[in-house]
Amino acid sequence: MAKSTSGNFFEDFRLGQEIAHAVPRTITTGDVALYSALYGMRFAPQSSDAFAQSLGLPRAPIDNLLLFHVIFGKTVPDVSLNAVANLGYAECRFLAPAWPGDSFTAKSEVIGLRENASGKTGIVYVRSTGINQDGVKVLEFVRWVMVNKRDPVNKAAETHVPQTSLSVQGADLVVPPTLDASAYDPILGGSPYFFDDYQVGEKIDHIDGMTIEEAEHQIATRLYQNTAKGHFDAVQQKASRFGRRIVYGGHIMSLARSLSFNGLANGVFVAAVNGGRHVNPAAAGDTVYCWSEVLEKHLFDGRRDIGALRIRTVATKDISCSEFPAPGSESEPVVLLDLDYWLLMPRREVQA
Amino acid sequence: MAKSTSGNFFEDFRLGQEIAHAVPRTITTGDVALYSALYGMRFAPQSSDAFAQSLGLPRAPIDNLLLFHVIFGKTVPDVSLNAVANLGYAECRFLAPAWPGDSFTAKSEVIGLRENASGKTGIVYVRSTGINQDGVKVLEFVRWVMVNKRDPVNKAAETHVPQTSLSVQGADLVVPPTLDASAYDPILGGSPYFFDDYQVGEKIDHIDGMTIEEAEHQIATRLYQNTAKGHFDAVQQKASRFGRRIVYGGHIMSLARSLSFNGLANGVFVAAVNGGRHVNPAAAGDTVYCWSEVLEKHLFDGRRDIGALRIRTVATKDISCSEFPAPGSESEPVVLLDLDYWLLMPRREVQA
Amino acid sequence: MAKSTSGNFFEDFRLGQEIAHAVPRTITTGDVALYSALYGMRFAPQSSDAFAQSLGLPRAPIDNLLLFHVIFGKTVPDVSLNAVANLGYAECRFLAPAWPGDSFTAKSEVIGLRENASGKTGIVYVRSTGINQDGVKVLEFVRWVMVNKRDPVNKAAETHVPQTSLSVQGADLVVPPTLDASAYDPILGGSPYFFDDYQVGEKIDHIDGMTIEEAEHQIATRLYQNTAKGHFDAVQQKASRFGRRIVYGGHIMSLARSLSFNGLANGVFVAAVNGGRHVNPAAAGDTVYCWSEVLEKHLFDGRRDIGALRIRTVATKDISCSEFPAPGSESEPVVLLDLDYWLLMPRREVQA
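Chains as they are written, first to last, in full-length UniProt numbering: chain A, 1 to 352; chain B, 1 to 352; chain C, 1 to 352.
These aren't lab readings, by the way, just hints derived from the structure by calculation. Wrong hints could be hidden among the right ones.
[As the list claims (entries may be wrong)] In silico EDC-like cross-links for lysine to aspartate or glutamate, where the CA-CA straight-line distance does not exceed 16 angstroms:
hint : chain 1 : residue 1 : chain 2 : residue 2
1    : C       : K155      : C       : D318
2    : B       : K137      : B       : E91
3    : B       : K229      : C       : D318
4    : C       : K155      : C       : E293
5    : C       : K203      : C       : E323
6    : A       : K203      : A       : E296
7    : A       : K297      : A       : D185
8    : B       : K297      : B       : D185
9    : C       : K203      : C       : E293
10   : C       : K137      : C       : D180
11   : B       : K137      : B       : D185
12   : A       : K229      : B       : D318
13   : C       : K297      : C       : D172
14   : C       : K137      : C       : E115
15   : C       : K238      : A       : E296
16   : B       : K155      : B       : D12
17   : C       : K107      : C       : E140
18   : B       : K297      : B       : E202
19   : A       : K203      : A       : E323
20   : A       : K107      : B       : D185
21   : C       : K107      : A       : D185
22   : C       : K229      : A       : D318
23   : B       : K238      : C       : D318
24   : C       : K155      : C       : E115
25   : B       : K155      : B       : E115
26   : A       : K238      : B       : D318
27   : B       : K107      : C       : D185
Starting from the given sequences, assemble the full structure and let the hints guide the process.
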């Protein structure tokens, strides 16, 4: 009886199946320090307890993307160990703040299944949830992955393609309950630009670039307890289509988020991820740049201290983003990530 | 008067000598985060305070191998700075749980000395102990190292080769005092297999592999405050027999321990190390795989919640372990580590 | 309206200008763990809460150089994003102990400006200050950097070259208020040599060497939230004079400080930095060695437990320091750092 596992194949999933994921996890200030050092994060509320307290928070919260990576990591051994590709994300919302010292678990529900025409692979759709030690949901998201079949001869029992929203509605975004940004200090925050200064359609070149090292993405991906082999095993990867280790897609998300500080410094909380696509795989040696576009603005009923910006951030490798290179153009081969998400940003008016 | 030190040579040791090692050390959740991220550790009680509390522990304990590396590191400047090779370990027992925030010191007693026939080196045997801020012994182990002589002309004053046990007796293993594994959740733990499901002689291929980077093993070895030059100084190592930096042997232990999660996930505590041999040196670029064999099973008197598995884990480089390659065979050149140790693992019966 | 910034150019600075820097920062035990692991720090009071308490401190303080790097990092986006070179440091004093959990901000005053003859660059002198959450100054230092002009046509409005001290006076050094080193344990400290054992003019070869990896210096520099592009962007650096990523100069300071443990182990606090010069840039692959000279000794009025040693440490790359290679000699091309600083070290007499 083999005690080690090679993960689930397409035939192993059932519509409506509930999966409780292994490896509960406490996120500590140690994890936060490492996360900060891997990307150079500088958003003020996550960087400083004192600054967080000036916004009505008890202390610096855990960066929402760190939380996302940790919960995502828990789903990998059950959902995507045999994934050919991460195809997409949707409806990712951060539902409650997470604090250093909190302990998290994760579960997923299979909400869609569709075998591919080749018969060799299928697409699995799951809704995953992160839960803290008090049973509070802190995060949920949908993702879909292309998973190998154990045997092409096996026939798929069920087919169902779920409908997901193109974007989380502004009214469904969750603002941390005690947050009051009316005294937000933009000098400490790092930018004079408030919510009110951004226009729909505006594009921002984030200018700075960062080169990825093997040790960095491996340390990051292990920090998230993500076990996908392609990130760690150079010998096995030699035989793969890519020929070498692939960087975890979430590593590019966090790099882009960090680089976007230069232009979006006051976009202090990622409140939701509407969708995301890893346009090309990234590898060590790639230098990541990014640019952003403001897609939409949302005002919350009854509060004048904060608003939400819907942002698209595109990350590229080895070329500057001063020309805003995008997927679907001749720039397609150098685009790594196309991410659509909501940021919470303090409003200027309340200063008046 | 030279204020810097080149470490002790074989002639500097005396039988019965007691050495108090420098550099007291508090292990924090920061160290734990880094340790986790360097290896991708996923054993549940060390990963989650909430899970640890479900087992009657006050919080997530420090991983015993992290504790071992830190105490080992303290002994290096006095014992093995001039070591040619780490020859072996024996009688390593973890005597009390260690918690983040605890402060440790280390001491060693010289329990054996034997000059080699060449007259150029000798073997030094020490029993080393780790002690916490309350004076409680948390760890002890014997190791022996081949150490250069300062001058071949010097004659050895004493010769004594100590007897060490081939294995720690099951009855001598220490279970953390408040531990109660009767409500252990195997889903969160990561495997359906309990103590009762493992058979003596059973072999497990742990499947996954991990490639070592220079930055990773250097960061790890410095985390342990281990100063052995061969791990850090590429210039000096060019002139060495190996020609490049050598990875600290304990780094391979922790990599193998992490990889063994896939097959031994519920073996949540390393209770003892019976013996270990670094069969070949490892270097950056090596991809580590491993397999394990169950050598022995131990039931503790009067407790039905937990048992001990004596495990042999063999780590290799650059080849899969599906064929269980072992030292002493034609696989010898690709074997990095041959480790014999005791794991504590919850028992199934209590669930009934 | 461009929301991202390319930093200040020489013309943007005004004499007397006060700059409040962005990104407040809490330094946690997580940051401390990472700092320790990046350099292998072993000074006892920063390594162990229990040892710190034996000296009358509430717990292990934050290493002063870590504090320096964090405050320095905050000044980079405003002061030196367009710097051609870091020219020097002076009058750096550590004014109050910093503890894990403290939150820091930084501000700078422009105290000097001088355009260079070329008209393309100018020198900016700033006095920077680090402040904790209680408004207490923990650190101040002067530095001067050569900064590009936006346009050579622009004329400098003002010229003023401030006078800085060659060295902080011993009487101006701050000893942590509750520190009492009379029971300092030199065995745990790592060296039998006290303040009294060092002679002015004495030179110490610190022997050990450490090879720098790209991932290491990038992780360190991001830990300090230092955004200078030359450390991170391999693509942009290809077009630079150096042709590759440059290691943050402070990384060499901390490496040298860590290596100097072997010979200066009881020099447990850096109390001031009198001056420093990055003689040559460092890059990944360089192996750092160092040596030190005792420049001066200071006794504090009314205390017999501790004194101050003024030390010069010279760090080199790829060559041993047994011959004490110095800048200004034929060794100039291999010298990385020439640092002049004050260490606090326990005195022996009180043991009598």
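Hints, one by one, checked against the model:
1. Of the pairs offered as hints, the one joining K155(C) and D318(C) is violated, with about 43 angstroms between alpha carbons and a cut-off of 16 angstroms exceeded.
2. The straight-line distance between the Cα atoms of K137(B) and E91(B) is roughly 14 angstroms, inside the 16 angstroms bound, and the hint therefore holds.
3. For a cut-off of 16 angstroms, the pair hint linking K229(B) to D318(C) stands: about 14 angstroms separates their Cα positions.
4. The suggested pairing of K155(C) with E293(C) is violated, with an alpha-carbon distance near 44 angstroms, which exceeds 16 angstroms.
5. Of the pairs offered as hints, the one joining K203(C) and E323(C) holds, with about 10 angstroms between alpha carbons and a cut-off of 16 angstroms not exceeded.
6. Annotation: proposed proximity of K203(A) to E296(A) holds, straight-line Cα distance about 12 angstroms (limit 16 angstroms).
7. Of the supplied pair hints, the one linking K297(A) and D185(A) is violated, its CA atoms being roughly 21 angstroms apart against a limit of 16 angstroms.
8. Restraint check: the Cα-Cα separation between K297(B) and D185(B) comes to about 21 angstroms, which exceeds 16 angstroms; the hinted pair is violated.
9. Restraint check for K203(C) and E293(C): satisfied, since their Cα atoms lie roughly 4 angstroms apart, inside the 16 angstroms limit.
10. For the suggested pair K137(C) and D180(C), the alpha carbons sit about 22 angstroms apart, so the restraint of at most 16 angstroms is broken.
11. Under the criterion of a C-alpha separation no larger than 16 angstroms, the hint pairing K137(B) with D185(B) is inconsistent with the structure, at around 30 angstroms.
12. Under the criterion of a C-alpha separation no larger than 16 angstroms, the hint pairing K229(A) with D318(B) is consistent with the structure, at around 14 angstroms.
13. In summary, the hint linking K297(C) to D172(C) is supported, as the alpha carbons are separated by about 14 angstroms, within the 16 angstroms threshold.
14. A distance of roughly 31 angstroms separates the Cα atoms of K137(C) and E115(C); the hinted pair therefore is violated under the 16 angstroms criterion.
15. Proposed proximity of K238(C) and E296(A) is contradicted: the alpha carbons are some 38 angstroms apart, above 16 angstroms.
16. In summary, the hint linking K155(B) to D12(B) is supported, as the alpha carbons are separated by about 11 angstroms, within the 16 angstroms threshold.
17. A hinted pair counts as satisfied when its Cα atoms are at most 16 angstroms apart, and K107(C) with E140(C) qualifies at roughly 10 angstroms.
18. A hinted pair counts as satisfied when its Cα atoms are at most 16 angstroms apart, and K297(B) with E202(B) qualifies at roughly 12 angstroms.
19. Proposed proximity of K203(A) and E323(A) is supported: the alpha carbons are some 10 angstroms apart, at most 16 angstroms.
20. For the hint pairing K107(A) with D185(B), the CA-to-CA distance comes to about 15 angstroms; that is within 16 angstroms, so the pair holds.
21. Annotation: proposed proximity of K107(C) to D185(A) holds, straight-line Cα distance about 15 angstroms (limit 16 angstroms).
22. Proposed proximity of K229(C) and D318(A) is supported: the alpha carbons are some 14 angstroms apart, at most 16 angstroms.
23. With a C-alpha separation of about 11 angstroms, the suggested pairing of K238(B) with D318(C) holds against the 16 angstroms cut-off.
24. Proposed proximity of K155(C) and E115(C) is supported: the alpha carbons are some 9 angstroms apart, at most 16 angstroms.
25. Annotation: proposed proximity of K155(B) to E115(B) holds, straight-line Cα distance about 9 angstroms (limit 16 angstroms).
26. For a cut-off of 16 angstroms, the pair hint linking K238(A) to D318(B) stands: about 11 angstroms separates their Cα positions.
27. Annotation: proposed proximity of K107(B) to D185(C) holds, straight-line Cα distance about 15 angstroms (limit 16 angstroms).
This entry does not satisfy hints 1, 4, 7, 8, 10, 11, 14, 15, going by the numbered hints stated previously.
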